[in-house]
Amino acid sequence: MSTFLGMPSLPAFGSGNLFAGESFPKAAHRELGNAQLRANLGHATHTIRDKRINVVSELPDWEQLRDAGSAIKQSVMARLPELLEQFEENFTARGGVIHWARDAKEANSIVAGLIRDTGETEVVKIKSMATQEIGLNEYLEEQGIEAFETDLAELIVQLDHDKPSHILVPAIHKNRTEIRDIFLREMPGADPDLTNEPSVLAMAAREHLRRKFLTAKVAVSGANFALADSGTLAVVESEGNGRMCLTLPETLITVMGVEKLLPTWQDLEVFMQLLPRSSTGERMNPYTSLWTGVTEGDGPQNVHLVLLDNGRSAALADEMGRSALHCIRCSACMNVCPVYERTGGHAYGSTYPGPIGAILSPLLTGIEAEENNSLPYASSLCGACYDACPVKINIPDILVHLRSVDVDSKRGKKKVPSQMDVGMKAASWALSSGKRLGLVEKGLPLGRIAAGPDKKITKLPGIAGGWTQSRDIPAPPAQSFRDWWAKEHQTPDNTPSTNNKEAQP
Amino acid sequence: MRIALFATCIVDAMYPATARATVKILERLGHEVVFPSGQACCGQMHVNSGYLKEAVPVVANHVAAFDTADYDVAVAPSGSCVASVKHQHPMVARSCGDTALEARATAVGAKTYELSELLVDVLGVTDAGAQLGSYFPHRVTYHPSCHGMRLLRLGDRQSRLLRTVQGIELADLPEADQCCGFGGTFSMKNADVSSAMLQDKADNVRSTGAELCTGGDASCLMHIGGGLSREGSPVTTLHLAEILASTMAEQASVAGEVRVSTGKATR
Numbered sequence: 001m002s003t004f005l006g007m008p009s010l011p012a013f014g015s016g017n018l019f020a021g022e023s024f025p026k027a028a029h030r031e032l033g034n035a036q037l038r039a040n041l042g043h044a045t046h047t048i049r050d051k052r053i054n055v056v057s058e059l060p061d062w063e064q065l066r067d068a069g070s071a072i073k074q075s076v077m078a079r080l081p082e083l084l085e086q087f088e089e090n091f092t093a094r095g096g097v098i099h100w101a102r103d104a105k106e107a108n109s110i111v112a113g114l115i116r117d118t119g120e121t122e123v124v125k126i127k128s129m130a131t132q133e134i135g136l137n138e139y140l141e142e143q144g145i146e147a148f149e150t151d152l153a154e155l156i157v158q159l160d161h162d163k164p165s166h167i168l169v170p171a172i173h174k175n176r177t178e179i180r181d182i183f184l185r186e187m188p189g190a191d192p193d194l195t196n197e198p199s200v201l202a203m204a205a206r207e208h209l210r211r212k213f214l215t216a217k218v219a220v221s222g223a224n225f226a227l228a229d230s231g232t233l234a235v236v237e238s239e240g241n242g243r244m245c246l247t248l249p250e251t252l253i254t255v256m257g258v259e260k261l262l263p264t265w266q267d268l269e270v271f272m273q274l275l276p277r278s279s280t281g282e283r284m285n286p287y288t289s290l291w292t293g294v295t296e297g298d299g300p301q302n303v304h305l306v307l308l309d310n311g312r313s314a315a316l317a318d319e320m321g322r323s324a325l326h327c328i329r330c331s332a333c334m335n336v337c338p339v340y341e342r343t344g345g346h347a348y349g350s351t352y353p354g355p356i357g358a359i360l361s362p363l364l365t366g367i368e369a370e371e372n373n374s375l376p377y378a379s380s381l382c383g384a385c386y387d388a389c390p391v392k393i394n395i396p397d398i399l400v401h402l403r404s405v406d407v408d409s410k411r412g413k414k415k416v417p418s419q420m421d422v423g424m425k426a427a428s429w430a431l432s433s434g435k436r437l438g439l440v441e442k443g444l445p446l447g448r449i450a451a452g453p454d455k456k457i458t459k460l461p462g463i464a465g466g467w468t469q470s471r472d473i474p475a476p477p478a479q480s481f482r483d484w485w486a487k488e489h490q491t492p493d494n495t496p497s498t499n500n501k502e503a504q505p
Numbered sequence: 001m002r003i004a005l006f007a008t009c010i011v012d013a014m015y016p017a018t019a020r021a022t023v024k025i026l027e028r029l030g031h032e033v034v035f036p037s038g039q040a041c042c043g044q045m046h047v048n049s050g051y052l053k054e055a056v057p058v059v060a061n062h063v064a065a066f067d068t069a070d071y072d073v074a075v076a077p078s079g080s081c082v083a084s085v086k087h088q089h090p091m092v093a094r095s096c097g098d099t100a101l102e103a104r105a106t107a108v109g110a111k112t113y114e115l116s117e118l119l120v121d122v123l124g125v126t127d128a129g130a131q132l133g134s135y136f137p138h139r140v141t142y143h144p145s146c147h148g149m150r151l152l153r154l155g156d157r158q159s160r161l162l163r164t165v166q167g168i169e170l171a172d173l174p175e176a177d178q179c180c181g182f183g184g185t186f187s188m189k190n191a192d193v194s195s196a197m198l199q200d201k202a203d204n205v206r207s208t209g210a211e212l213c214t215g216g217d218a219s220c221l222m223h224i225g226g227g228l229s230r231e232g233s234p235v236t237t238l239h240l241a242e243i244l245a246s247t248m249a250e251q252a253s254v255a256g257e258v259r260v261s262t263g264k265a266t267r
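Taken in sequence, the protein lines are chains A and B.
At position 39 of the first sequence (counting the first as 1) the number is 39 in full-length UniProt numbering, and the numbers step up by one without a gap.
At position 196 of the second sequence (counting the first as 1) the number is 196 in full-length UniProt numbering, and the numbers step up by one without a gap.
Some clues are possibly wrong.
[To be verified] To give an idea of the chain A side of the interface with chain B (calculated C-beta under 10 Å), a few residues:
#1 Phe-13
#2 Gln-273
#3 Pro-376
#4 Ala-384
These aren't lab readings, by the way, just hints derived from the structure by calculation.
Just so you know, even glycine gets a beta-carbon here, dropped at the ideal spot from N, CA and C.
Sequences and hints are given; from them, build the entire structure.
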């Protein structure tokens, strides 16, 4: 009798707000047309960039800190199941309740169920990427539960019925006059004489939010870190709204991706130096809240944690791509990215924009989901993101890897090969032999004819037309270097001198 | 020293003057230059576009051309192609499970230098004017290409060499570390974003009042130059090898054509 051991099924891909609904070039084309957006983004990203460079250059051991951050995350990924169980044990022992969610749908229904159990229909929220990713607010609304964002920028975006365009500065695409207009239009009881002064706008938001903090019985948060050795959760934020949400309500529900674990308290030392400097360009984070289960008579008495997979196991299974899970959501990569700077976050479709989004979204959903295969191409591979990443995620290498996953996923499936397929195949033939390239180069004078008296080519057909959309090509030379060299270096017996076997006659 | 020139496909086919200038500089320093004729391309376009399978023969060809040739070091007038030879070739070999090719690629990569890297680190050039006779009496701005800057960590090697060229007036390029938007097939696949990046680079180049923009990578220069040409700007681009090769007797013009005919390279 044989026993069927079976193969574990492939980890499930993620769902929720992780998809580019239209291809990146198409979305980028639209966003590039928004001059206001580009001006706001250019100003904001350059300001954050400079702040980051200043505080990073203060630390003599910045590179060693990055190495440490990378090493800690690598060790977490290598023993994730063990650490998750250790965390669960400690969190449960301190009075917390753990819920495991395979995907966005499961996580949403767990959270809605927990809120329903309290009998409440309103919750306050701390800014959280995980709940954006699963589309929690929209789901709760369908269930008759109202979720109020309490982070200032998230509040602006929510009041405007818009989507965040940056993971740290969700309203980066709006300027202060636009924000004043949103407050006047959407904030109940807003002062009709509201100015666009940042401090005035902040006070208006504060007044609005205080009412929510003091009445809310349930809060929903994300988490930046979870410490396996004690079962502690951590949220870092800048405004103190998070601290309000974490301490005032009776019930606290946290949604966190499984990759956020750190083995020990001591590991926080590294990340509390890396994160604020990389994200807001601050030396120290303003409000750091840590909580471990329930403390009797103090703070929330019902403490829940929803541990979210949503494609993370699938990403972990990709040997070349898994380090994308090291991401601590600092947003340094998007702030330095020349592509993000010009298109903004909405062009990426997913909750995760910019360079990290271009790798994380397709890793979580699989390359073939919707238009996510266009995301890895949204980069000139300039490498600025890799240099800025506090945990040294080699984003350019992973982008290239995912491009090959995309190309391979289409091999043999298409009836007609694309122009790119045909071009790459022909180029592979021509460029894999000096002799063949030499033959192709004999055609250079033809290019000179095409260039004409202006000595430039201004229009090319097909995909190459993308180039001539904004650039000329110079007239090619009459003779290639290879040709010149061969003629210059004729040996006495009239054969070109070479030191390569292939070209021997 | 016997130095193997890896011309790179774009310089070989489109900018032969850059390769000739590289030969001239090295010969002027008393070195012997050889050109392994089996060479073609580093395959970066294939790798970066996701066509890894198609990159394998291109990489294998480069490795075959350069590991059979007899030379001390190899040099290319391109940061990007050298970065590909050093970093991508072993990865491509690994991707197709060819461990022998991986080892040979790694060995070739270890002997391959970008031009300014070779001049400064190996050949000890600290003053281009004094050691190479470099003379180029023009106002020039300099774009440090991304791959030279971030993958090879060339630092200020190129700009240091430029600064020591006699007669040159080097104008700092604002936002110099920003990508020009080329990115290989990115310029076609994401033509709109690429063009927006190019626009800013071209604006910055023009703001310096320079007659031309130089750099160490022909591909980026073709991109920036192509944009300037489309705008009808008189500002051109010229590879730094041509500026270094330019002398009082044989001056390169801003368009790059050497006024006096090139002599037969001495052996």
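Hint by hint, here is what the structure shows:
1. Phe-13: Constraint on A/Phe-13 not satisfied, violated at 20 Å.
2. Gln-273: 23 Å, violated
3. Pro-376: With a closest approach of 8 Å, the A/Pro-376 hint holds.
4. Ala-384: 7 Å, holds
Hint check: violations occur at hints 1, 2; the rest are consistent with the structure.
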